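All chains should be built: construct the whole structure from the sequences, respecting the hints.
These protein sequence lines map, in sequence, to chains A and B. Take the first sequence: its letter number 66 is residue 66 in our numbering, and every next letter is one higher. Take the second sequence: its letter number 103 is residue 103 in our numbering, and every next letter is one higher.
No wet-lab data here; the hints were simulated from the structure. Just so you know, not all the hints are guaranteed correct.
Said to hold, decoys possible - Here chain A is said to cover these stretches of chain B; the calculated rule only asks that three of the stretch's residues, wherever they fall, bring their Cβ under 8 angstroms from a Cβ of chain A: (1) 11 to 22; (2) 55 to 64; (3) 101 to 108.
All of these numbers come straight from a predicted model, not from anything done at the bench. Idealized CB from N, CA, C, for every residue including glycine.
The primary structure of each chain is shown beneath.
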Amino acid sequence: AQSVSQHNHHVILSEAASLELGCNYSYGGTVNLFWYVQYPGQHLQLLLKYFSGDPLVKGIKGFEAEFIKSKFSFNLRKPSVQWSDTAEYFCASDQTGANNLFFGTGTRLTVIP
Amino acid sequence: KAGVTQTPRYLIKTRGQQVTLSCSPISGHRSVSWYQQTPGQGLQFLFEYFSETQRNKGNFPGRFSGRQFSNSRSEMNVSTLELGDSALYLCASSLQGGSPLHFGNGTRLTVT
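Printed below as a string of structure tokens:
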């Protein structure tokens, strides 16, 4: 069965530190991959997506993610975090063409000013 | 463009009752998906509708059902509520299958 794993449950960083959140998916076929963010009190928003092509994708607010097929990974990165990045981050995947997203359990990021 | 609208925002129901949640997608979006979010299980897919037809269904009991109307608005119904149904129910819309989902703020259901 398709699944997504996020190994970091809670990450605490100081402002300006670099961020990398891990995400691994299990489906062996063609997948679409996503990172969503949920700021406190707000709805889930799309940060970035990978459908095909360049495995390094850039999203909003300086975030990027790299699709590594051999490792079934899609890690999220940001070179320098800000206090406003405090939020919960969800990795998700679906089989190409389906709208049945499998979400990871989420990683809570706390950025200390 | 208005976002995905879910009503009501909060609901309190008693075990055994039934509940209907409503979702209005972004204008022009024909796909509507429903997810349940709980602290223990995270985000879990319930079902997806496209042009009034259920295309995908998650692993939830038959007490959970939904429908989509010709204007793409969708409703989700949960019958014979159980305490474990307490959750945030999220609706998401997209243009078509495979395109990014746009989520609403959710309906928080509490079953007592």
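Each hint tested on the structure:
1. 11 to 22: violated (count 0)
2. 55 to 64: Contact hint for the segment 55 to 64 of chain B vs chain A: holds, 3 residues under 8 angstroms.
3. 101 to 108: n = 6 at 8 angstroms, threshold three: holds.
Checked against the numbered hints given earlier, the structure breaks only hint 1 and satisfies all the rest.
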